[in-house]
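> Put together the whole structure using the sequences plus the hints.
Spelled out from the first residue to the last, the chains are:
There are 6 protein chains.
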Amino acid sequence: MKKKLKGRLKKIFEDIKKNRKINKIPNFWKSLAHNPDNLERTWNNLKEIMKKGALDPVTKELIYVAVSITNHCDYCIRSHTAAAKKKGATDQMIKEMIDVVGLANQNNKFVAGYQVEVDKIYK
Amino acid sequence: MKKKLKGRLKKIFEDIKKNRKINKIPNFWKSLAHNPDNLERTWNNLKEIMKKGALDPVTKELIYVAVSITNHCDYCIRSHTAAAKKKGATDQMIKEMIDVVGLANQNNKFVAGYQVEVDKIYK
Amino acid sequence: MKKKLKGRLKKIFEDIKKNRKINKIPNFWKSLAHNPDNLERTWNNLKEIMKKGALDPVTKELIYVAVSITNHCDYCIRSHTAAAKKKGATDQMIKEMIDVVGLANQNNKFVAGYQVEVDKIYK
Amino acid sequence: MKKKLKGRLKKIFEDIKKNRKINKIPNFWKSLAHNPDNLERTWNNLKEIMKKGALDPVTKELIYVAVSITNHCDYCIRSHTAAAKKKGATDQMIKEMIDVVGLANQNNKFVAGYQVEVDKIYK
Amino acid sequence: MKKKLKGRLKKIFEDIKKNRKINKIPNFWKSLAHNPDNLERTWNNLKEIMKKGALDPVTKELIYVAVSITNHCDYCIRSHTAAAKKKGATDQMIKEMIDVVGLANQNNKFVAGYQVEVDKIYK
Amino acid sequence: MKKKLKGRLKKIFEDIKKNRKINKIPNFWKSLAHNPDNLERTWNNLKEIMKKGALDPVTKELIYVAVSITNHCDYCIRSHTAAAKKKGATDQMIKEMIDVVGLANQNNKFVAGYQVEVDKIYK
Chain A
0 MKKKLKGRLK KIFEDIKKNR KINKIPNFWK SLAHNPDNLE RTWNNLKEIM KKGALDPVTK
60 ELIYVAVSIT NHCDYCIRSH TAAAKKKGAT DQMIKEMIDV VGLANQNNKF VAGYQVEVDK
120 IYK
Chain B
0 MKKKLKGRLK KIFEDIKKNR KINKIPNFWK SLAHNPDNLE RTWNNLKEIM KKGALDPVTK
60 ELIYVAVSIT NHCDYCIRSH TAAAKKKGAT DQMIKEMIDV VGLANQNNKF VAGYQVEVDK
120 IYK
Chain C
0 MKKKLKGRLK KIFEDIKKNR KINKIPNFWK SLAHNPDNLE RTWNNLKEIM KKGALDPVTK
60 ELIYVAVSIT NHCDYCIRSH TAAAKKKGAT DQMIKEMIDV VGLANQNNKF VAGYQVEVDK
120 IYK
Chain D
0 MKKKLKGRLK KIFEDIKKNR KINKIPNFWK SLAHNPDNLE RTWNNLKEIM KKGALDPVTK
60 ELIYVAVSIT NHCDYCIRSH TAAAKKKGAT DQMIKEMIDV VGLANQNNKF VAGYQVEVDK
120 IYK
Chain E
0 MKKKLKGRLK KIFEDIKKNR KINKIPNFWK SLAHNPDNLE RTWNNLKEIM KKGALDPVTK
60 ELIYVAVSIT NHCDYCIRSH TAAAKKKGAT DQMIKEMIDV VGLANQNNKF VAGYQVEVDK
120 IYK
Chain F
0 MKKKLKGRLK KIFEDIKKNR KINKIPNFWK SLAHNPDNLE RTWNNLKEIM KKGALDPVTK
60 ELIYVAVSIT NHCDYCIRSH TAAAKKKGAT DQMIKEMIDV VGLANQNNKF VAGYQVEVDK
120 IYK
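Protein chains in written order, with numbering that gives the first Met the number 0: chain A, 0 to 122; chain B, 0 to 122; chain C, 0 to 122; chain D, 0 to 122; chain E, 0 to 122; chain F, 0 to 122.
Don't read these hints as lab results, they were simulated from the structure.
Among the clues, some could well be false.
Just so you know, same-sequence chains aren't split out, so a pair can sit in one copy or run between any two.
Below 20 Å or equal to it, Euclidean Cα-Cα: the simulated SDA-like pairs (lysine to any residue) are [said to hold, decoys possible]:
1) K50 to Q91
2) K2 to E13
3) K86 to G52
4) K10 to P56
5) K50 to I11
6) K16 to P56
7) K2 to A53
8) K50 to A82
9) K94 to K119
10) K84 to K94
11) K84 to F12
12) K85 to V57
13) K3 to N22
Shown next as structure tokens:
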């Protein structure tokens with residue numbers, strides 16, 4: 000690997016460690032490192048998107064996990080459930096999120112099964 | 000339709016109107032009415048699951064919409080975005096939720112594409 | 000279009016009409032006709048797979064619709080619900096199928112959400 | 000865990016064992032036990048939905064597995080294939096179900112790829 | 000809308016028009032404009048990712064459409080099929096891509112249905 | 000197993016080995032062998048669909064993997080990434096394909112989240 004590239008990766012990895020308060024780079028970021036442009040894009044976007052805004056970081060992590068459950072992405076479910084807890088999510092909050100995910104997935108299919116038409120007030 | 004059944008449906012429909020503060024039953028619930036057992040189950044579960052708990056009702060609605068976006072369920076996206084707003088979600092909160100949904104769907108696929116192994120700390 | 004190709008398409012279209020007891024080719028098959036190899040493959044496979052075997056044709060159509068609901072494919076839900084009814088499925092059977100589809104989609108996500116490990120007896 | 004809760008869980012677990020004719024609670028139900036309301040809801044709904052109706056229990060299990068295959072839920076595929084067999088599904092029935100699932104998933108995508116419009120007769 | 004924001008949006012819109020050789024901003028980009036940070040991120044990433052690299056732009060568009068078909072995203076299928084053609088994709092190429100998408104979706108489900116274990120040589 | 004069936008399976012297996020230039024039948028094809036009709040259909044279709052046409056075999060394999068990533072099918076991702084490389088795909092091509100898959104999955108959800116209407120020019 001070229002020297003310049005190594006410096007670039009190192010800088011991002013340091014930023015990940017500092018921002019996440021961890022000592023070891025998770026496998027996700029190591030995998031992306033084979034594609035430095037993608038690593039840089041993905042990390043910068045994630046930092047920007049998951050930070051406190053109108054929604055607090057815990058809510059954002061719970062939404063992230065809800066999507067990952069719907070997509071059956073085991074790595075994402077485990078790593079972002081851990082992140083949610085680190086940021087303050089309680090076990091009860093996680094359970095309630097899973098309840099909502101189950102309900103929404105069920106009702107999404109009822110809508111398809113009965114081919115429900117959109118009500119005028121929702122258009 | 001038998002008298003007893005009509006009474007049962009009417010009772011659920013009144014409960015939906017009262018609970019949701021609406022005058023007209025949305026098409027979703029009308030469709031389920033062809034299957035009264037399912038209607039009753041689904042309404043009771045939804046009332047129970049979406050009420051205030053460790054998570055507030057707005058957060059629950061946002062999670063519901065996030066799942067519906069991931070599943071491309073147009074009816075569900077529209078009706079529950081409306082519900083989220085009615086319960087207090089701002090446009091900014093909805094935008095940030097969509098940002099997270101996009102990011103999570105992208106990263107879920109990076110994990111699959113690179114076949115990232117689960118880190119020990121997440122097991 | 001070349002003469003030979005036209006004859007080939009015509010033969011498949013006649014087979015579809017006869018087999019399905021219809022007078023008009025549905026849009027699905029018309030769309031595939033732009034790709035005659037695919038049309039031929041798909042029609043032959045469908046005829047073979049959906050015919051009576053250990054499972055009766057109604058059960059097969061219900062399974063087909065269950066998959067299409069899970070994938071939110073409106074065309075497929077509508078055309079194969081119609082096919083199921085034509086082959087003898089009652090409204091009650093269709094409702095119960097939709098109930099199972101909703102339940103399975105919900106429980107699939109509970110399994111993911113709680114990261115349930117496979118029991119030894121299922122391995 | 001409080002005494003009352005333990006009694007409630009025990010009652011549901013006994014019902015699961017009796018109803019399923021098993022001696023050991025599968026991991027799925029143990030996972031849900033962390034959320035007793037969800038456990039109770041899910042078990043009661045499952046018992047009600049999967050029982051004999053216009054569709055027999057074997058057909059319902061096959062539909063359940065078809066959905067689980069479409070969602071790539073390994074636990075659900077394994078546990079409900081086992082359940083289907085216990086209720087009388089033969090290997091041949093399971094193979095034919097998988098054939099239909101493959102075909103439907105393929106054709107669902109052809110419909111999307113060619114953007115097939117819904118025929119008037121299906122509206 | 001504040002003056003500064005308007006200038007920023009205008010600049011991105013001009014870049015989209017120039018890069019895509021179009022006179023009218025498509026609805027996708029207009030929708031994202033309600034969330035200028037997301038608009039900027041998404042446009043910059045798309046420009047970077049879809050440009051010529053080891054893969055040519057036509058191949059990249061075909062891959063984009065293949066994903067969109069798998070997700071049943073009508074807007075994305077239509078707009079990126081148009082983009083693929085503009086960049087040089089022939090009807091025959093698009094048909095063959097759809098064939099592959101159908102086959103892969105079918106075989107993905109066979110793998111799940113038969114719970115195929117990963118061969119050693121693929122680990 | 001009957002003699003005739005064994006001969007039929009053997010013939011297909013020989014064809015797979017020869018066509019793929021391998022000495023050992025992968026688990027996927029072994030699993031399908033329990034359903035010889037399906038094995039024959041699937042192998043013949045795959046041979047036909049994945050061969051050189053308007054699209055070259057490498058592009059077809061990349062599209063196949065892109066679909067498999069979107070569906071989170073680990074076996075398919077691993078086996079067809081290997082196939083793509085065997086046919087000439089470079090690591091850089093695979094990385095760029097994964098970039099496109101991530102982007103498309105993200106944008107598919109933005110379209111759903113903002114309920115973007117199809118532009119006239121795409122109809």
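> Run the structure past the numbered hints and jot down the numbers of the failing ones, going up.
When the structure is compared with the hints, numbers 4, 7, 9, 11, 13 turn out to be violated.
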